[in-house]
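Trainee: Given the coordinates of chain B, assemble chain U onto it according to the supplied hints.
Below are the chains, spelled out letter by letter.
There are 2 protein chains.
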Amino acid sequence: MTSNDALLDTRLEDLAGLLGKGGLLTAAEDMERYRVDWPGYRGALPLAVARPATTQQVADVVGYCHRHDIPLVPQGGHSGLVGGALPDAETPELVLSLERLATIRDVDPINFTMSVDAGCVLQSIKDAAAEADCDFPLSLGAQGSCQIGGNISTNAGGLNVLRYGMMRQLVLGLEVVLPDGRIYNGMKALHKNNTGYDLKQLFIGAEGTLGVVTGAVLKLSPRAQTTRSALLACPDVDAVLGLYALARRRCCDLLTAFELVPRTCLELALEAAPDLRDPLETPSPVYVLMEVAASGPIDLDTMIEGLFEQGLEAGLLSDGVLAGSDAQAESLWRIREAMLEGQRNRGEHLRTDVALPISSLGEFHARASQEILALSPEATIIAYGHIGDGNLHFNILPPPGLETEARTTLLHELEERLFEIVTEFDGSISAEHGIGRFKQAAFLERLSEPEFDLMRGLKYLLDPRSLLSPGRILPRPGD
Amino acid sequence: MTSNDALLDTRLEDLAGLLGKGGLLTAAEDMERYRVDWPGYRGALPLAVARPATTQQVADVVGYCHRHDIPLVPQGGHSGLVGGALPDAETPELVLSLERLATIRDVDPINFTMSVDAGCVLQSIKDAAAEADCDFPLSLGAQGSCQIGGNISTNAGGLNVLRYGMMRQLVLGLEVVLPDGRIYNGMKALHKNNTGYDLKQLFIGAEGTLGVVTGAVLKLSPRAQTTRSALLACPDVDAVLGLYALARRRCCDLLTAFELVPRTCLELALEAAPDLRDPLETPSPVYVLMEVAASGPIDLDTMIEGLFEQGLEAGLLSDGVLAGSDAQAESLWRIREAMLEGQRNRGEHLRTDVALPISSLGEFHARASQEILALSPEATIIAYGHIGDGNLHFNILPPPGLETEARTTLLHELEERLFEIVTEFDGSISAEHGIGRFKQAAFLERLSEPEFDLMRGLKYLLDPRSLLSPGRILPRPGD
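Sequence order for the protein chains is B and U.
Numbered continuously in full-length UniProt numbering, the first sequence closes out at residue 479.
Numbered continuously in full-length UniProt numbering, the second sequence closes out at residue 479.
With the rest of the complex left out, here is chain B (with noise of 0.2 Å):
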């Protein structure tokens, strides 16, 4: 025995004694459900696993490895898609997993607020607004298991964006564990609070690189009573941002989404999902699957019929179908969940989360899909997203028979000519995902120097000692 191994002996006997029984993982096979992702990303064996039961408790183990020097990653739910939450292999790290921390405090249906623990799972959330006859809007794939503390930290976005924002406009207040273990806590259920420097807005999105979230005050909305959805077929994607414009309009504040589907991802769900039929006779090169919702009294068939009719007139749709039935709504938005099946089944390909002006998407499709095909005339473009916030999974699936490694470099340089080609239309290399791990190199590459210099002072203000998630965002102070 070393004495490095005796001294780590020492760290983690501590640390078990500050969390109390199950409250350490040591064992390897223990912790091996710490080291992988939803997208099947293995980080390394950690140090262990803390599992803290209360925010005090979080406190101690921050605490505790801020005095000895212990760098540490805080966990949600895994489903994270830049690789931020895993374990780092060069340096191993303390995993700091919220799950325990998962009682909602409070519900309150006439200030439309909820206060909650990080580790709370985003549909308990969702389940418990819905008892107080309200809504918490946050919608994802995967919100049976993510859970808000990770919400919070990466800004989650999803399907509802285009009417209720992303996280960040969800949060009224937060709890957070500094990296030198003192507590924050801006727990007000306040929906307005103008008294200095809005201190809340550092932790969100920051990927749990400056301080651990443990609890936050969210804010609801009234209670969907009814919903409609519907498919509408449009000649191009100029059509789709005419129709954006009109529907945004002509639906009042009650859109909550409005997604592009070309005709390549409507065949990609019919392939993996057989029981899905194709909902209109005649193929169109792309789609609209909308949905509005009111929590009130309102008629929306007519709102929705109203919509169609003057599309049709001005040319900016061919065809549709309004979902008459919620049986009918599910089967159109099984098209979604079974189109990014049907991508998963092709095997690897390239998964991007680009922004870009709205007004720009028209222009952006064609030229990207123009360049990508020249780059590799056999790739497959599958472009779909969220028009109404102007976030295009422009995603690219390789040409077929290619050998893992000639794969992965096209895929790595066609990634590298679509980002350009963001660039110069002024978007976003990361919409919603964040940067975490894999983004890292290009999102370095575009950040201007007083931006560098404002978010490094802002890590070193809060975490001098880059324990807290190194080397996710920004690099490691030396690197």
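Note that these hints are calculated values from the structure, not bench results.
No experiment lies behind these values; they were computed from the predicted model shown.
One or more of the hints may lead you astray.
Any copy will do: because identical chains look the same in the list, a pair fits if it lies in one copy or spans two.
Capping the alpha-carbon separation at 25 Å, the derived lysine to any residue pairs in SDA-like fashion look like this [claimed, not checked]:
#	residue 1	residue 2
1	K126	W38
2	K21	E445
3	K126	L246
4	K126	G242
5	K126	S359
6	K126	A245
7	K21	V107
8	K126	I70
9	K126	Y164
10	K21	R277
11	K126	A89
12	K126	W333
Mentor: Leaving out everything else, chain U in the frame of chain B:
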């Protein structure tokens, strides 16, 4: 001529050179209007008034001041209520007026965005939005004179926060001159962008202490086609809260304003504007002035009538009037303006701007009224405000006939007691006005150690020499 005077002359000559003809004002009579603000407070004579016409000129001036240790204070439209933009008396400051930086750079009705210079007057932004069939929803009494840079720096609120959020929610991109004179260009017209720390959040609501906002990309909404207003009579504040919870649901997300107007305020309005008439036959203890707006074809009359009937059945209201025309709606909203006028006519009084959880408003109102009247039985309480935001202007008219000094002392005591009750209810002493100078003492008293350390750290990170709006929000380093 002392050497100090000579040095100052050199500095002013340099600054005049950077700004060109008309860019620097130094004559006392020219500077007079930069010393006063709308509430009538008067600051010291500034060193000079710099009026840059471009972002680069702002950067030149700020950079020059940085190199030569000259304190400066950015100014918008002089309608702040906490004295933040008035030139300081202790250390003479350079006023940096943004008034010549007033170009609307771009309006994009498909992206629902507008790019503007910081000196644009709010009303001109609202007009340009309307021309493009959009709304810029920020709505304030001062909109004819306040500038968007000031609105951003103070995170302005106003009448429609309930539906559209504070200024923070309406900013997508920001251009800021940093205290060292460098330009941070974050003018992206993107609805989603998760690339690193969201730097623009630092400057929104920072009251000009961390940088000078020079431009912004604003988020627009579809333009309202139909608007309906109503005045509803309620038995008490608790009934108003019940009615609010009902209205949020029945009116979907179309509710734009929900204002509490107590009988005292209606009477003040009738006193100030003799042409106004009480819209209802029987007096009621409290009223709600509400508005709904839709950008598409929705029957708002039926919506409000339905709310009225349901409220009547539930005993939440006793009477009401729905404005049948724009003129009628206007006369309802004139009540709100006239009551402010009536309040001003009563001379010096205590104006506050507190926020509470909406569900606590009834209990807070009762408790605060009781305690204030126990301290000063002849005082008159006028507590009105934005119920939907939990934002109460709990104002107090002193007993008539008090001498100036006794009045000031009493109002200060009443404010201290009121703020103590706000704190007991976990509220905020400033919902929208900010801290500036006037609220600093009460603000600092309530700040926890981690909050103070973080705020001081942010100030030091951005402005280590404390040259930008020194002494606002936080005390100067030595104080």
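Trainee: Give a verdict on every hint.
Mentor: Cross-check of the supplied hints:
1. In this assembly of identical chains, the alpha carbons of K126 and W38 lie at most 25 Å apart only when taken from the same copy (21 Å versus 45 Å across copies).
2. Proximity of K21 and E445 under a CA criterion of 25 Å is satisfied in neither setting, with 46 Å inside one chain copy and 40 Å between copies.
3. Within a single copy, K126 and L246 get their C-alpha atoms only as close as 30 Å, which misses the 25 Å cut-off; across copies the closest is 20 Å, which meets it.
4. In this assembly of identical chains, K126 and G242 lie within 25 Å of each other by CA distance solely across copies; the values are 23 Å between and 33 Å within a copy.
5. Proximity of K126 and S359 under a CA criterion of 25 Å is satisfied inter-copy only: 21 Å between copies versus 33 Å inside one chain copy.
6. In the homo-oligomer, the alpha carbons of K126 and A245 lie at most 25 Å apart only across protomers (19 Å), although the nearest pairing inside one protomer, at 30 Å, exceeds that limit.
7. For the identical chains of this complex, K21 and V107 are neighbours neither inside a copy (30 Å) nor across copies (60 Å), given an alpha-carbon limit of 25 Å.
8. For a Cα distance limit of 25 Å, the shortest separation of K126 from I70 qualifies neither inside one copy, at 36 Å, nor across copies, at 53 Å.
9. Both within a single protomer and between protomers do K126 and Y164 lie at most 25 Å apart by alpha-carbon distance, with minima of 14 Å and 22 Å respectively.
10. Taking the shortest Cα distances, K21 and R277 never come within 25 Å of each other, neither inside one copy (53 Å) nor across copies (71 Å).
11. In the homo-oligomer, the alpha carbons of K126 and A89 never lie at most 25 Å apart, since the shortest distance is 36 Å inside one protomer and 53 Å across protomers.
12. For the identical chains of this complex, K126 and W333 are intra-copy neighbours only, at 19 Å inside a copy versus 37 Å across copies, given an alpha-carbon limit of 25 Å.
Checked against the numbered hints given earlier, the structure breaks hints 2, 7, 8, 10, 11 and satisfies all the rest.
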